[in-house]
Every structure is written in C-alpha cells, then in structure tokens.
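Chains as they are written, first to last, in numbering that gives the first Met the number 0: chain A, 0 to 469; chain B, 0 to 469.
To be clear, the hints were calculated from the coordinates, so they are not data collected in a lab. There is no bait here: all hints are sound.
Chain B stretches covered by chain A per the calculated footprint, using a threshold of three residues with CB under 8 Å from any CB of chain A:
| id | region |
| --- | --- |
| 1 | 25-35 |
| 2 | 130-139 |
Chain B residues, not near chain A, derived (Cβ > 12 Å throughout):
| id | residue |
| --- | --- |
| 3 | S123 |
| 4 | S375 |
| 5 | K418 |
Don't be surprised by glycine CBs; every beta carbon is placed ideally from N, CA and C.
2 protein chains.
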Amino acid sequence: MHQTVNIPMLQARRIKLAQLLETPVLLWSGDRPARNFPANHYPFRASSHFLYLAGLPLENAVIHLHQGRLTLFWDEPPPSAALWHGAQPNRETIATMIGADAAYPLSELMPGESPDDRPILQPSKWTDNAATIGLVSEMRSEQCYVLDRSVNSPNQPDELDCQLTQALISLRLCHDTAALAEMRHAIAVTVQAHQAGMQATPRAKTEAEVRSAMEQVILAANMTTAYNSIVTVYGEVLHNEHYHHPLQSQDLLLADVGAETQNGWAADVTRTWAVQGKFSSTQRDLYQIVLAAHDVAIAALKPGVEYRDIHLLACLTLAEGLVDLGILQGNPQDLCDRDAHSLFFPHGIGHLLGLDVHDMEDLGDLAGYAAGRQRSDRFGLGYLRLDRPLQTGMVVTIEPGFYQVPAILQDAQRRENYKDCVNWERLRQFSDVRGIRIEDDILITEMGLEVLTRALPTEVDAIEQLCQVG
Amino acid sequence: MHQTVNIPMLQARRIKLAQLLETPVLLWSGDRPARNFPANHYPFRASSHFLYLAGLPLENAVIHLHQGRLTLFWDEPPPSAALWHGAQPNRETIATMIGADAAYPLSELMPGESPDDRPILQPSKWTDNAATIGLVSEMRSEQCYVLDRSVNSPNQPDELDCQLTQALISLRLCHDTAALAEMRHAIAVTVQAHQAGMQATPRAKTEAEVRSAMEQVILAANMTTAYNSIVTVYGEVLHNEHYHHPLQSQDLLLADVGAETQNGWAADVTRTWAVQGKFSSTQRDLYQIVLAAHDVAIAALKPGVEYRDIHLLACLTLAEGLVDLGILQGNPQDLCDRDAHSLFFPHGIGHLLGLDVHDMEDLGDLAGYAAGRQRSDRFGLGYLRLDRPLQTGMVVTIEPGFYQVPAILQDAQRRENYKDCVNWERLRQFSDVRGIRIEDDILITEMGLEVLTRALPTEVDAIEQLCQVG
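Based on the provided sequences and hints, a complete structural model is requested.
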C-alpha cells in the first residue's frame, strides 16, 4: 500500500453520497480469481465503486458508509503471510490512510461466528437495511450471505440497492480534481506508450512486438493496462485480442491501448498508423475522413449537448466524406437516416471514461443511458454506449472509425438493402484499408471541453513523423 | 486459433489415459473471469488438464474422452460476434485441428434444454458415469449441474473422480516430446527476458522499469507470464508482487520471471544480480553459497532419487557454506537436523514444472507428494512442494536461496531456539544482502539430467558481464 490517497477528496465524496442517500451502504472490494491453480491468481482489481469511496485497492475489504462516516472491515494477514508477502500495514494504519472513522475485523460484520461455518447470521447493526452493489464475480454469493438477502447482478439492482446505484452514478458521472489528476497521469503514460509503438513499428515483424513496446512503457510506470490491448493490422475486428499476425508493408496498424493507475483510473486511446511509416494515398484519404468526423465531434462537445447528437454529427461527417470519395452515393443526411454509414462505422462514437474504461458498465446501461432511455434497434445506434446530455466534469471518449468488416460488407441482406448507397467498384480501390480508428479522451468543462490526450497528435503528417523517429 | 497442435502426440496421450482408466471422462476448459465489468475480462487461461488432452485453449469447451476417442462439445460464436472478434474457425475446423473424433454443440451434452433454463437434466450418454476434475473457478457449479452430482475442488476429488485424478497425475508427471518442445520454447524466451532485465538495470530507476524490460521480451514473443513476476530489491519477500521501490546502488535485485507458451506450457527462472552490475564482496560470498547449493542439488538429480533428499542435500551445502562464513556455528549436519538453515532458506528446493508453474498444484499435494506421504510439520520441510522419487521425463525446478526475512530473524522465539546457532554480529556484516535466489529448470533423463535453462549463466562473473552489456 504505497499509493497516495487524497483523504479530503474521499471525504467529500462520502459526504456527497450521504446527501443523496439516507440508508447505510456496504461496499465490497472483491478478491483475486484463480488462474490455473488457487495460488496462481490474476492480478487483483478492486471493485470500482469501492475504489471510488475507499481510495485504495484493498483486497477482501468491506466499507460501511453512513452519513459520511466510513467504517472499514478488513482482516490483517496472519503473521505467517509476512514470509511470502512482506510486512503489511496493520488495520489502524490502513484506516488512517483512507480516512476511515473506525476499523474492525471482518468478523464484526458477521457477529459471533466464523464465516466458514456458514450459520444463519444475525443481522448486525452494520448489515441491517444496508444497500450494496453486486460484484461481477463469484463473491456476490458472499454478499448475499452477509446481507442475508438476494444481491442481483449490478445491472439489475434489487429494490433496496436502486437508490444507491443511482447515487453512485450521479457522483461518478462527473469527476473531481483528484479523479482528473489520476486520469491525467494514466493518459500521460498512455501517450508515451503510443509514441513508443509508433517508433517501434518500422523494426517490428509482428503485432506482438509493437504491443510489447507499448505495454513496456505502461509497466515501466508501474501501471497496468485498463483493458486487453488491441494492436492489430486487422483493425476491422473491433475487439481483436490477437497479436500473432506479421506486419506487411502495405498494412495500417490500429492500436487501442490505455494505462490504468494503481488506484484504478483509466485512459483509453486509439491511433492508427502505417506499418511502413507512410500512409498510401488511399489510406490517407480515408484517414482524413475519420479525422474530420473526430474533429467535428470534439468541437461540438459542451455541457448540455446530447451525446447522441455528437454521434449523429460524426456519422454525418463520415457520410459526407465517403460521398466525396465516391464510396457512398446519395445525400449524406439521407444515407445517415438509413444507417448506410454504419456499413463502415458500426459502433458508437464513444463512452464514459473513469475508473472503468467503459465507466460503470458493470451497471449495464444504467449509467450510460439517461433515465427512461434505452438502446435503439437501429443498425447505426444499437452500439451507442452513452445517451445522456453532457455535464461539466464528465470525461468521454470520441472514437470514430472506418472499417471494412467482411461480416457486414459480405452480408447478402445488407448488400441488398444498401445496393444503391455503395459504389462497390470504387470501394475496391481502398482495399489497403481494413480498419482505422482515432480515439481521444475529452473532459467536458464549463467553457466547453479539454482534450486530455492532446499531447498525442492525430494528423497524418505528425504521426508519420513519430513513426520515422524509430 | 493460430497455434500449431501435435495431433499424434495428443492422440498418444488420450490412448495412455484410456489404458489407465475405463470410465469416460468429461473435462471443461473454463471461461474468462470478469475484471471490473463483464466485458472487461482477464485474459483466458484454459484448465491445464483440458489443455493437456485437447491441445488448444478453447474457451467454454468440454471434451469427452473414452477409450482414446475424443468428442468435442463447443458452441460456435454467433454470427454477430464476428464484428467484435473476427471470423472464427467453425466447430468442424476446430475438431480437425485437435484430432477430435466427433464434435457437437454444448446442448448435446445437456439434451433437449437450454442451459439457461436450468431444468433437471436427463443423464445423457455423455454425462452418465463420467469422471471429471473440478475447475478452480466458479464454473465448477456448471460441472455439478451438467453431471448432476457434487464436484469437489480438485484437491479433494469425489470418489468417482479419484481414479481420473491419479491417471492424469501419472501422465502429466513425465513429459513427452511435444510438451518438452513447448517448455523449451518458453524457456528460450525466458532466458532472453532475464538477459534483457540484466541489461536494463544499470539505467533503471525502479523495479518496475526492470520488470517492464523483461516482460517486454515475453510479450514480443506473443507469450504471457506463467505467473505474476517477482522483480524486487526486497527479495526476502518470497512472493513480492510490488514493483514500486527505487533501485539503490548497493541493492541486489531478484527476478523470478517465466514465460508461458500460447498452449499453456511454463518456464520458471530466477536470477539475482547487482543493481550497479558488480556484487559487493559480502554479496558475492553469500551468492557463492547459494550457487554451491544449486550446483550440488542439480548434480544429484537422476531417476530414482528422492526429491526430498535433494532438498536436504542443498540445505546441508547451504549450512556448510554459512558455517564457513561464520554466520552459522556448529556442525552443519546438526544444524540442518535442527532446521537452523531454514532461518535463511525457509522454502523448499523446488517443484514440478509443466503446464502449471507449480505443476498440478490445483490438485493440492496429490501430484507433488507420493501416495501416503504428506507435508512435514518441520520448519525446514513444511514448504517442500515435491516429495517423490524422480522419474525420467519429469521437469523440476532447483531454486535454493538465502534471505534475511525480518519476520523470521526478528522473531523472539526463533532467536531463542537458535541462539547458539547464529553469530548475529557476523550476520550484521552481510546487511547488503536481503534476498538471493538462483532457479533453473531441469529435465530428468535416463542418463541423469539436462539443465533446460543452461543458456542463462549462474556464475557471478558471467552475470556481471551481462549487466555491463546494458
């Protein structure tokens, strides 16, 4: 536990929560799942809701929050653990670090009995009437046991937990300065990682080598990746987690890589560059269209604007560009109304960013979608992860793309539906573009916006220059 | 699924299993646990027992084995998955890749019903009387459901599963040429990673930077780490997974880092080097003692030898060296009989290596300990993970160490017990050594042994030279 913690900011979060919620709250941090055997576990990642209010990734901890008071429940490791894991701070030290008002062993939550014996617990003053958020791991059964009631998966909270869920959403939607400091730190390292990737590419033979150059920067900063990196010459596979392909001289390489700080705050950045350092003219033409959509979308961000409208604006800009290039044909607005642009840009323009790379996606669409709204059935809107008016303090990604996805473009039904919209012969001239995405992280400010990732260029010339440094 | 698979070798394993076991077998591969939200999962690691017999890390797959025949149960991803994950090989292709005799969707295992409805299943010809190995994840409840019976954690198999457990142990204890080829590959990359770590150290400011240089090599080879890396100047913390400490000029750095191939085979290597490249005379003196124990232990390996005796031999060599240095006092054999060496070497001399870094440790001590044997209560033997006579084809680690563990050396009871054994004043002169470990991977051969990790030197001079290349 060598992380620094901003106690006044944590206390402010706890007080704000108390203002939104009268009932007491119990939040679990979770534990480490086993990989191939119990002692060989995956790296621990605490629940984001716990991190938001406790501030430290404490394993197997529970916090009780009521009226701004925080009580920590955590078992000190047995003395024998010191041999394997070193001397650990004791409970009192941890409590001081996170600004807890009191601290107890876990047995205090479950009075009189060891949790291993699994008796029917008496409700304690800590568990009685307490709201919680279900973990996304098997530890949810532990929550049910301690609370002696059902605890649903967090995207379908039980009645008692709905108000807490909404309170946490309203807090976590807009970031305080401590959160922003963490995210700026994650972003600074992520920018360096992308620069390292560009520089490593000319000498790299495989996707894996470029990925290794990027993640090396993140590991050197003692951070982890916020999500499984995408580093691929098959950028049309949106969540491609394979890295074995050789780099061919005419390929574009798409890298979607973001760091996560030790306290769990994420960055999420995508750049696309040419394996040989120089874009072909067709690659440059399509890249400029994606970049135009990216720039237009970012310029339109400000408090009060509907994120869905930002998405639609980016789609229109993309459609206009594709019409100009002769790939789409017709009136751009009409094409968008028919979702023809989605043939090449099938996902949403972005999402919330915070402690989770898709922030609060454990809650399904409860955070991403304003009350009463739900996902559209439309081809061009179904994958939109955020549909809310923007507020000061939100951080969102803007990440338009152009992809030639065989599963879409070879689909007989879609080809039929859009046969008048696409000039397939013209499209064939762009066969050296499989996938392009440009993704930045943007803070909504009172004045409009701040591109947190601005240190990493998006223009073709600047990217080509970075590749040539290598 | 771009991995290569040695089908004849897999079929030979399946036939050997059938020779040991009449009952049918169902083995699950498992799935990916969620990290902070369901779509942001940890990287998939298939169950090692599944990998041993199926050969490919197929997610959410089940194999049925009977009389050498393999039947695969696996659901092809829905067409919509192609957008996110690319075109996947179909079931028939996968079946051909792994040499399956037949392949069905998972519903064939659970006839007539969708698994989500959770009806009481009819025993099918596939599940009836089938033995299995419990997974170490929450998916064990899925196994119980399909088999309609209890499935214990794998270290306490149900009666029906005991024979399968023993059969798998006897197969997996001794490696075939396909397994050895995989392990040699993992080891070759691991050797490069350690060389990179040594070379990066003179310019590194933190443990994290050295770790990043090492894991970069593993990622570039499109492998993963077989376990959470230990890269630390606090080597006395045996499973230290922190990387934030600055490197101080007088420190030793201990790196226990191993690669794992895409098909799951592990390497496990430790080296200790000086942050400044040059060992101090006290560091060199203690390193030579650990190296002597390492060399003596390896030289004694051959089929038929008891691994416990190798452990005791290493302990004796260590004790002799510490007596020569004046840190321990008394007769070395007597000191060992009293476990005095364990004050400085509290763990076992090594373990099995294979698909798991502690091979088959999901089975508790069932694989590591010969039938009828169990862990000793003795301070000097309690952490020994392997107590069997060695056999041709086994791969074991040999990893003696010297540590100054505060939790041991400051313990009043231990200081009292061993007050006549330790020259505490002499020990103080070695305060620039907190932890040293030297770990190699060794194949037991008919002729004796082969040090698989021999490409990475262990001698002080050679290690100092590697550090100076950086």
